[in-house]
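Visitor: Under our numbering, the first residue of the first sequence is numbered 31, with each subsequent residue one higher.
Don't read these hints as lab results, they were simulated from the structure. Where is the CB? At the ideal position from N, CA and C, for every residue including glycine. Treat the hints with care, since some could be wrong.
Unchecked claim - Straight-line C-alpha distance at most 27 angstroms; calculated DSSO-like pairs for lysine-lysine:
hint: 1; residue 1: 809; residue 2: 721
hint: 2; residue 1: 819; residue 2: 721
hint: 3; residue 1: 193; residue 2: 473
hint: 4; residue 1: 809; residue 2: 819
hint: 5; residue 1: 158; residue 2: 633
hint: 6; residue 1: 369; residue 2: 295
Claimed, not checked - Quick list of the computed label-pair ranges, beta carbon to beta carbon:
hint: 7; residue 1: 295; residue 2: 485; range: 47 to 57 angstroms
hint: 8; residue 1: 134; residue 2: 495; range: 21 to 31 angstroms
hint: 9; residue 1: 474; residue 2: 143; range: 24 to 34 angstroms
hint: 10; residue 1: 63; residue 2: 193; range: 26 to 36 angstroms
hint: 11; residue 1: 240; residue 2: 384; range: 17 to 27 angstroms
hint: 12; residue 1: 222; residue 2: 82; range: 15 to 25 angstroms
hint: 13; residue 1: 309; residue 2: 498; range: 38 to 48 angstroms
hint: 14; residue 1: 270; residue 2: 134; range: 40 to 50 angstroms
hint: 15; residue 1: 82; residue 2: 378; range: 52 to 62 angstroms
hint: 16; residue 1: 132; residue 2: 38; range: 47 to 57 angstroms
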Amino acid sequence: MSGTLADKYDFKVAEADCQESWKRLNTYAWDATAPKSESYIIDTPPPTVSGYLHMGHIYSYTQTDLTARYMRMAGRNVFYPIGFDDNGLPTERLVEATRKIRATDMSREEFVAICHEVVQQSEEDFRKLFRSIGLSVDWAQEYQTISPTSMKLSQMSALDLFKKGHLYRTWQPTLWDPVDRTALAQAEVVDKEVASSMWELAFGLEGGGEVVIATTRPELLGACCALFIHPDHPKAAGLLGRNAISPLFQVPVPILADERADPEKGTGIVMCCTFGDTTDIEWWREHKLPTRVILDKNGRLTGLERIGASADWPSLDQDSAQAAAAELTGLKVNAARAKTIELLTARDLVRGSTAVNRMVPSAERSGAPLEILVTPQWFVRVLDKKDDLLKIGSEIAWYPPYMQVRYDRWVENLKWDWCISRQRYFGVPFPFWYSKRPGEEGKVLFADVADLPVNPLTDLPRGYTADEVEPDPDVMDTWATSSVSPQLNSRAVAPGFEVDSERHDKLFPATMRPQAHEIIRTWAFYTIVKSYLHEGKAPWKDITISGWCLAQDRSKMSKSKGNVVTPDSLLERYGADVVRYWTATSRLGLDTALSEDVLKVGKRLTTKLWNATRFVSMQLKDFDGAPSTPKEDVAKGIIVCPVDQWILTKLSEVVRGAGELFEKYEYADALHLIERFFWNDFCDNYLELSKGRAYSDVGNEAEHRSAQYTLWHCLETMLRLFAPTLPYMTETLYQGLFPGRSPSIHNRGNWPKADDQFASASAELAGEACVGILAAVRKAKSDRQVSLKTPLAWLRVAPGATPPDGARELVASITGDLAATVGASLVEWADSLEGETVPTQDSAFALQLEFAAPAQE
RNA sequence: GGGCGCGUAGCUCAGCGGUAGAGCACUACGUUGACAUCGUAGUGGUCACAGGUUCGAUCCCUGUCGCGCCCA
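Generate coordinates for the entire structure from the input sequences, incorporating the hints supplied.
Guide: This is how it looks when you write it as structure tokens:
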């Protein structure tokens, strides 16, 4: 019945063959005709086109694939797409770096065309990697966030949010990256520790005297609009209500009380500039302070000539103010800081300075220290929806559960609405224009849904001429589009904003979102925001959070440390199944060190599985039975031996346990269970115990058949249990040993069914007795340093300290297999034994044995 | 400064109220007719530290220390 297997497994050949056949058979295709209730919909992370592939990609994507493969085999109609997040600033930076160009040095069209070129190559690299690691994605569902359809859906999202009042455009203080010259969102900010100085500067006081403030940013002096002092500060009483006069510019500013002015820090008196940090913004809002912006989009000082030129920005000495302004205008922030100190020192107005380390908010991508500028930007309203967002977050099942805390904390601590406009090029344009028609100047004109996607720079809103509109020049941030990944798959964002409403009904919300923990505050959060604002519901039922792949020493892999292991090198050395094995032993949420040891264990497991299967295939060479299920084959009286029924009972426990664990995303525990069964129960014990009957050395024909049927069931079931983890080898073995049984082991519904398994408490007892006695005999032989093959003249089994019920009958039922396995001519029961005995580990039995006389040389 | 997680055998990690577990590594023995990429057995831990709750704590609580991440 069985096919033939090569002596050695060649993973390269097997991987190529399997990939070819899976593609030909469409093994992983989603069935669009099946009802939604059968679906398992995965909202796969579209990897950022970053130019290089790392172990993190393999690690987290394979974790997802383990679940995807299980769910498919367990009968779900799995929707498992892959996307590429190719739009936005990350791609622009990649393009600028690899092609050594600047976006600003060429036309917008030219730059965008080059971006498209670069992402093609990068995406092909990803496809190749994902295929070789064996991801069971449905390639027909591939998407790009820059594709026309994605643009259309992303613009639909913007239109829907705008019409619902969740999207607004306003001039407001915005985090600004002076290197990339674009606005940023809160999530794109990282703090960098920078050595700096805390300067103490003397302000004048109206009516005479001086007040010393402390600041790390003296260059913003020109933008000063107030001083703040803690109400409990000893000097507060004498200062509050008076005006201070800024040095150099001689601008009178009020001295105000506020608890956020830390009396322990510096002099305890601080200047508020529009804008130095987020506290300045809060003070500016609450105290309705004037707006004095002295930085431009490149981070240079500008606009200082306005000091003293108007009533809301007065100076007591305009000549002095303009002299200082002339020295500072056009300098970048750092140079302006040095110059300001120089000017102040010359006037003897610096009262002191201390070296401090300060945390500077910087751009995650460019690394530049951020400024706060007042620019027109598009914002998604989130600050007024914190409670709703927390509630939606709690409706999603988080794996592991504590990851939800990260989401909750992020939502609770939001300080900005979500800024989604970027002053860049390669991205989805806003489908908006501003009217120049007399009477409605500045009115927002939006595109008709039917016309999407639009490029406002070249297209026009219906009913308007080019002269009558001002196009919105910005593009959306990458996250504004990738945050609708569930909807990019389902092809609609909300009623009235649909590309394919039937598909949307089938695919939204999704079942599961896999992603890494560091992007909970970005990707998970934004996706929840959008889903909530569009349709009032959570985008997924479950979210599974993966950790990171660390280097062997548990440090972060990084090029600078030189500890980067590339996916290709591992796949080349070990093959995909072994690399997957390493991933499959890691749990959700935890960072995992790449381990050569674990890879070796995986290698050994695949070798063992190959050899065990080959061995069983030998035992089945003459097998002409027609197995149905373990349960039925026992019922039919085919599988009769206690040891056979015992291993099937153990198998049934593994089938049930592994399924339950996979359902909870505990694939590592499931694998462990399967592996232990395979190695310890099946290989170490069952194969040895059944050998005699399998070879027909002992027992009758019925017992031989019983062993064959059992071997067949165990192997056929185990291969399916291993299939999610080791897709290539199990497929190769399955097709080799059970040809024609299923086009692919990975087919939908091919997971072993718990109801088909056989279990018997009495068979389990008999098997345990057998294994216990076998282990004791092995130990006895090992203690005497003889081969386990050494024959015994006889073995006597008596009740131990805690014998099982019906011990005698139990032992009688297994003497045949036991005698064959321990190599005893005679195994007999004794009600009690005189002299020295060997107990089994569980004290169920006590043994005596006699070695056979050595064979004559 | 706040939040979250982690600290268990040499290493990687499970366990989480009732006599410490696995794999790797190490040691000894064994060529048994699938596999020496094997088998059998063994060495190895005051479960970070200090208090508390409990009949009993690796497990619960509090604090301390160390590590990582996230956020101020």
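Visitor: With reference to the structure, classify each hint as holding or not holding.
Guide: Structure-based check of all given hints:
no., hint, in the structure
1, 809 / 721, "holds, 20 angstroms"
2, 819 / 721, "holds, 13 angstroms"
3, 193 / 473, "holds, 14 angstroms"
4, 809 / 819, "holds, 12 angstroms"
5, 158 / 633, "holds, 23 angstroms"
6, 369 / 295, "holds, 24 angstroms"
7, 295 / 485: 47 to 57 angstroms, "holds, 50 angstroms"
8, 134 / 495: 21 to 31 angstroms, "holds, 30 angstroms"
9, 474 / 143: 24 to 34 angstroms, "holds, 30 angstroms"
10, 63 / 193: 26 to 36 angstroms, "holds, 34 angstroms"
11, 240 / 384: 17 to 27 angstroms, "holds, 19 angstroms"
12, 222 / 82: 15 to 25 angstroms, "holds, 23 angstroms"
13, 309 / 498: 38 to 48 angstroms, "holds, 43 angstroms"
14, 270 / 134: 40 to 50 angstroms, "holds, 49 angstroms"
15, 82 / 378: 52 to 62 angstroms, "holds, 55 angstroms"
16, 132 / 38: 47 to 57 angstroms, "holds, 54 angstroms"
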